[in-house]
Amino acid sequence: AQKITQTQPGMFVQEKEAVTLDCTYDTSDQSYGLFWYKQPSSGEMIFLIYQGSYDEQNATEGRYSLNFQKARKSANLVISASQLGDSAMYFCAMREGNTGNQFYFGTGTSLTVIP
Amino acid sequence: GAGVSQSPSNKVTEKGKDVELRCDPISGHTALYWYRQSLGQGLEFLIYFQGNSAPDKSGLPSDRFSAERTGGSVSTLTIQRTQQEDSAVYLCASSLVLSSGGAKQYFGPGTRLTVT
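First to last, the protein sequences are chains A and B. Using this note's numbering, the letters of the first sequence correspond one by one to residues 1 to 115. Using this note's numbering, the letters of the second sequence correspond one by one to residues 1 to 116.
Errors might be hidden in some of the hints.
[To be verified] Straight-line alpha carbon distances no greater than 30 Å define the calculated DSS-like cross-link-like pairs of lysine-lysine that follow:
(1) A:Lys73 - B:Lys15
(2) A:Lys70 - A:Lys3
(3) B:Lys15 - A:Lys70
(4) B:Lys104 - A:Lys3
(5) A:Lys73 - A:Lys3
(6) A:Lys16 - B:Lys57
(7) A:Lys3 - B:Lys57
Bear in mind the hints are in silico, worked out from the structure with no lab data behind them.
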């Protein structure tokens, strides 16, 4: 089974609108971390936001927030007030256990912001 | 401070040749990861180093792939007898290891390998 599933290969959003990128995960660990990364066309991987499995509050970082639904094993990324510079690939990732070796990455969602 | 650096940024090689890719992690980061990203795809885990522990090589696709990390810092990924399917961007990342598990990875710019 896939550890991380991103079901939206491509998404479009109007500038200034909010968009939700879906991510579901699969783990039997009680302790894990969830991450979102942005990869613009330049290829660099940029960390956006982190959610720990024991965090009770949804993580927020500026215009990014993580909608963490533990029972559903989902960790959707919400981008508010989309900007043209948000156009990029977005990857959801998980690290199992407190010091798990591997980061498991999803296949990514390509977001295009339309002016 | 300085981020993760990788060299070369681009490498074109002929099928059958060996290549070495280098990664300089962020100073003080004990964890180092190698990934492969084929065009339009996600990240494929290759290998993980943590301090002096034995590396996790479970992601290496074949015995043509190997990696070393000298002195707990610089790492070299070696691909022997390259094949065309090895063409991809090879990304290196480093991180701290925190008891909270929240340590994020910092990625290098990648090495784009093209095997002709």
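Evaluated hints:
1. A:Lys73 - B:Lys15: Roughly 43 Å separates the two Cα atoms, so the pair is violated.
2. A:Lys70 - A:Lys3: holds, 15 Å
3. B:Lys15 - A:Lys70: violated, 47 Å
4. B:Lys104 - A:Lys3: Satisfied, since the Cα-Cα distance of roughly 18 Å is no more than 30 Å.
5. A:Lys73 - A:Lys3: Holds, at about 11 Å.
6. A:Lys16 - B:Lys57: violated, 44 Å
7. A:Lys3 - B:Lys57: holds, 18 Å
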